[in-house]
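Chains as they are written, first to last, in this note's numbering: chain B, 7 to 286; chain E, 2 to 408.
No wet-lab data here; the hints were simulated from the structure. Treat the hints with care, as some may be off.
Reference listing, derived: stretches of chain E covered by chain B, where coverage requires no fewer than 3 residues with Cβ under 8 Å from a Cβ of chain B [claimed, not checked]:
1) 25-33
2) 57-66
3) 293-302
These numbers come from a predicted model, not from an experiment. Here a beta-carbon is modelled for each residue, glycine too, at the ideal position from N, C-alpha and C.
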Amino acid sequence: MSDVTVMNRLSARFAELKAEKRAGLVVYTMANDPSYEDGVALLKSLPAAGVDIIELGMPFSDPMADGPAIQAAGLRALASGGSLDRTLDALRAFREDDKSTPVVLMGYYNPIYSKGVAKFAALASAAGADGLIIVDLPPEEAPELTVHLRDHGLHLIFLTAPTTDETRLPTVLEQAGGFLYYVSITGVTGTASANVAVVEQAVARLREKTDLPIAVGFGIKTPAQCAEMAQVADAVVVGSAVVQKLADGLTGDGSAKPGAIDAVVDFVRGLGDAVHAVQK
Amino acid sequence: MPDQTLANSLRSGPDAQGRFGIHGGRFVAETLMPLILDLEQQYLAAQADPAFHAELNHYLKHYVGRPSPLYFAERLTKVLGGAKIYLKREDLNHTGAHKINNCMGQILLAKRMGKTRIIAETGAGQHGVATATVCALMGLDCVIYMGATDIERQMPNVFRMKLLGAEVKPVTSGAGTLKDAMNDALRDWVSNVHNTYYLIGTAAGPHPYPSMVRDFQCIIGEEVKEQLLEQEGRSLPDSLVACVGGGSNAIGLFHPFLDDPSVRIIGVEAGGHGVDTPAHAASLTGGRPGVLHGNRTYLLQDADGQILEAHSISAGLDYPGIGPEHSWLHDIKRVEYVPINDDEAVEAFQRMTKLEGIIPALESSHAIAHAMKLAPTLPGDHVMVVNLSGRGDKDVNTIARAMGEQL
């Protein structure tokens, strides 16, 4: 519904991908991890490394749906002064150089609710966000937010899971915008890996019910898995593996070793190459 | 426009969305949504099934040992020199606290749903022990998430759970207390949706948990009505006092009396080192509405909406949130919520033990401390019921430390 009226970088990017007959790479990175400056530096290097869409993590003290890698990233971000305001600062800094790469803010509802949903929608839009993924805001609870997002041209992107059955799917699709995020496993981020044949069936089932692009995420860690998923989905999301690559390059006190950001960018480039090599 | 149903009764909540006023709801990841919608249907079906109630009542009577006594605390009343104080003796239930009332109900529901693996979170360990107990009784696998900090201060309960056959998983994320244990329990549930039942221990979490747990705990208040009629010739007390962490013992006592305006109802929050310090667990007194663990409710949080660590000497009250129905009862001012500090609870623990020969849980000691403040200001014909929600044997080490004694 909202999708009809909201045209922004996200809609434009999926149209481009479709025209180029390829899948997109979506990469998640946590704002302020391990510091504000490092976070911004990483963000700015992602598009050139082949990232089509960025998910910018908003740190939260209690990330119930995340596995160990993103939990730790959130704690590092909060310890280095991360907050909703700082995440928006980072996005503004990114937009100074990049006007076309879509950025989706991803996190939990309480910091948004605490800020005030109307105020947040205005701030996020002004900072250059294109969409939101709020893990603990299912469609039943979403109207109090979506009513404000439309005014600001922001998509609310919903997750569907293997447990989302036929009777429930219309409820999810009713307010869904931007793209549909298929959670390929029943689990938290960055743990088990999905079987591509099972995902293919699930994606086919979703396509019968929606024209939205479909991204697949959770548990996708390697270029090989990216290439597999790129055959069946419109976009492939990698989060925990990227965040973990960054964690591997930190010193004991949590600051980035020389070359740590470059190592993450190299890893991401490998994922991008794998996704883009798949012709659809 | 005021909701007509709610205008007629304060007992009809939540609404179809699981809301109590603005509080409650279902703020969970999509993977869990179908599960909690199914749970709601299954619970409604069980509730309408006389066979379910018959089985539950059988276990409550013969296994838990209900009804729990309503005991007139004669010496305490005399020393305080005011209101007549009755103690609802939930400490005499099997496993030593009110927690078993809810566990008994939910384990029968889980069995009915064909679930084979039970998970739960625990703070003080009382809910963990109660859950491990009913799992042993029913022969079901049991995994208990417990913060590493709590494991250290509640070793006897940890060992009890292990003896009962449960696996106790230490949680090291965050400060390693109840909130972190709940995060890990939710992560387990998302990862094991097909065979696992999440047995939440308090009247909080996504709908239908707050109302389901409340319904299973309402037996406390319902028994009080009957027992008061027998002992005082009237079914309504003048006041009710209970401690509130998540708030399941309190809502179980309060709910049957919400529509009786003559009954003054008081919930006692954990004031820790004082509500003017950062170290407390009084979410209504010191928090503001937010969203955590599946529901909207009052939460201790910073300006950015990050959840703060709570503090209480009592592990069972050491949680930065509260059940959504309490948040609503606070908003509409039907229930008064007051804080009691650590040192006041420790003193009440000792006075109750010496005066009545009853060792109360540190959680319940918060309610007793407030009753001790209030009773002397009230006339001798004022009948006050205090929920003695659990026994304090688990707390003797903590009390010894607070008294500067080495055990």
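Results of checking the hints against the structure:
For the region 25-33 of chain E, the stated coverage by chain B is satisfied: 8 residues place a CB nearer than 8 Å to a CB of that chain, which reaches the threshold of 3. Interface restraint, the region 57-66 of chain E with chain B: violated (0 residues with C-beta to C-beta distance below 8 Å; minimum three). A stretch counts as covered by a chain when three or more of its residues have a beta carbon under 8 Å from one of that chain; for the region 293-302 of chain E and chain B the count is 6, and the coverage holds.
When held up to the earlier numbered hints, the structure conflicts with hint 2 and nothing else.
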